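Number of protein chains: 2
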Amino acid sequence: MSQGSGKTPSKRPLTLRDVSEASGVSEMTVSRVLRNRGDVSEATRKKVLEAARELGYVPNKIAGALASSRVNLVAVIIPSMSNMVFPEVMTGISDVLEDTELQPVVGVTNYKPEREEAVLYQMLSWRPSGVIIAGLEHTEAAKAMMGAAGIPIVEIMDTDGEPIDSAVGISHRRAGRKMAQAIIDAGYKRIGFLGTKMPLDHRARKRFEGFTETLAKAGLEVADSEFYSGGSALKKGREMTEAILTRNAEDPLDFLYYSNDMIGAGGLMYCLDNGIDVPGEVGLAGFNGIEFLDGLPRKLATMDACRVEIGRAAAEIIAKRVEEGDEAAGEVITLEPSLEFGETLKRKKKLI
Amino acid sequence: MSQGSGKTPSKRPLTLRDVSEASGVSEMTVSRVLRNRGDVSEATRKKVLEAARELGYVPNKIAGALASSRVNLVAVIIPSMSNMVFPEVMTGISDVLEDTELQPVVGVTNYKPEREEAVLYQMLSWRPSGVIIAGLEHTEAAKAMMGAAGIPIVEIMDTDGEPIDSAVGISHRRAGRKMAQAIIDAGYKRIGFLGTKMPLDHRARKRFEGFTETLAKAGLEVADSEFYSGGSALKKGREMTEAILTRNAEDPLDFLYYSNDMIGAGGLMYCLDNGIDVPGEVGLAGFNGIEFLDGLPRKLATMDACRVEIGRAAAEIIAKRVEEGDEAAGEVITLEPSLEFGETLKRKKKLI
DNA sequence: AATAAAATTGTTAGCGATAACATATATCAC
DNA sequence: GTGATATATGTTATCGCTAACAATTTTATT
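Protein chains in written order, with this note's numbering: chain Y, 1072 to 1423; chain X, 1072 to 1423.
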């Protein structure tokens, strides 16, 4: 009743031996058939496959991995699953790994370094073939583990720093600078910044640093800022926008730079709801380039973070090194995020 | 240089034996220390821990799992990561499993049954302690595998059907009926439906079935419908809304039921942008209760799908059965989704 | 037909840990 | 101090599979 389709109502879990006995060949041959390795005659292959199917046998990779010391798992360690950016990175990773024997296994750290360390330890204890991990900032212990693991490590999202091994990402400092330059060029002067509380979001922090740095060169600075954590980002975006605009009513802000598109979208909606002229009275820009923006009443200016591409590239590095060995260790790929002006950031006024 | 903090610049991967030698006790004792099992004197415990840390030893769970035939993994198989609903389910699962030894491992099927079967096979080959899988519809082979796996299986999201073992979810038929009733009560008559192409989205299909069924009882039917697949859901929502409203301009629709909140939000924005009175001229409702809605200009009516709660309950079932054995097999938990009227669905006009 | 080369199958010895049992050392009652 | 109970540690035998090599059968070559 409880057993699938097989005839054996046994309790003991099935092993290669069962299939071997059922098909009258050695365990080794069964193993070969099931893995498509080595030469096996068509006749026995069919016999074995039939028996395995009949019994409902599922190979035990635990044993297989131990015996062969090959584990087709790639550890993917990311801070969060719920913010729309990592799912896209995952898409890129999955796309590439689907064509290989490798399989991604995801761990989530919630932006906590100590959690990252624990997750990494857990993951490494399964002896994966490679690690893809977000960010360049890790605890010392985590760095040590990755350094000693003897497998390809790819740090993603960010290339502003020293990778342990390989890295794929964008320069968030540069992204911040680039956006600042576009804002300056468009003639905005009184600029507000809205973002997450950043102690642990290093990439947001770096963007902010690049941003202020370029403003400074133009003799400008961030006039005011607003931070949040948790909650509905869209709503927070609204609320923060209202707060920051109200607070600066006397000497009004003319641009708001958001650390992500979701709060930016909230801000945009607030402005539209309140009859604020965007981008004339106030310009807006976010960060990430999420697909979502396409549906907004007005297209928010943003900078694409190349998420899918980062995932793809990272997975390709792992796949290649698993396949061909570690000659290419230490590769760093810096992608160039593209600025999308959308309809909330004026174009450069004029040259000269 | 490449080795973390250890002194051994070796190439060979570390094993218990290395720690054993470094600390001068048997492998078994090291194993006991590292797992906090059995009595070990404080002195040796410290010695061993020190040696392990020094070497940068990470236990090999592959070997451990094989020897103990205990694998602290829970396979979680879901159709998609990118639609905001499963990340929340994952949150619920993680919350619960964090307090146990169990660890979730996610597989994504992209709504393809054959992909689901393959993912399941992969997962089962790691001999997880349990499976949490979305939906009640699976290939015959998949059902057979789960039936024969001898581990707790929890099918989530949906309870309209026959579970293999346990199930946690809501009745989507009932959710559809409930929404239909609210719409009828509010006095809407010309109702449009907008959703994904549904051949494989069984839950959307069931909601639709329940919906039409209840309409039928009130002598109503879905006046027109519109389907999409892929792309920015928000944008699609806009486009479809425009299309369906335009198409029915002569005999205008007065309600639009969307199969998810994201396209509903798009529709809402379209209506607001075009000066359509919501909910007077046209009422709107979505499905899911995503947090996101809080930030919209007007709160969309929706029905909460209890996502986090489903995740929690499913994880609890697994955890309990891993802990206490399989007496409680076959448990089915049906949660009751709550209708949220928001500001896009008129309340019941009056009784009688 | 005889021998070499290729294709197919089998045998043996681990992979690195843990369960179960065995042994040694410490603690205790009397 | 002696035997007994508890605490700490060590030994041995797997766990289910695969690498590496051995043995056998088939096919090709001359």
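Worth double-checking, as some hints may not be accurate.
A pair counts as met if it fits within one copy or between any two copies, since identical chains are not told apart.
Said to hold, decoys possible - Below, a list of computed lysine-lysine pairs in the DSSO-like style, where the Cα atoms sit at most 27 Å apart: (1) Lys-1260 / Lys-1288; (2) Lys-1118 / Lys-1214; (3) Lys-1391 / Lys-1268; (4) Lys-1118 / Lys-1288; (5) Lys-1132 / Lys-1183; (6) Lys-1391 / Lys-1417; (7) Lys-1214 / Lys-1117; (8) Lys-1132 / Lys-1288; (9) Lys-1249 / Lys-1391; (10) Lys-1132 / Lys-1417; (11) Lys-1391 / Lys-1132; (12) Lys-1249 / Lys-1117; (13) Lys-1419 / Lys-1117; (14) Lys-1132 / Lys-1249; (15) Lys-1370 / Lys-1249; (16) Lys-1249 / Lys-1260; (17) Lys-1132 / Lys-1419; (18) Lys-1391 / Lys-1117.
Everything labelled a hint here was simulated from the structure, so no lab data went into it. Note that the structure is predicted; figures quoted are calculated from it, not measured.
Exercise. Would you list, in rising numerical order, the hints stated earlier that this structure does not obey?
Key: Hints 3, 4, 6, 8, 9, 10, 12, 13, 14, 17 and 18 contradicted; others consistent.
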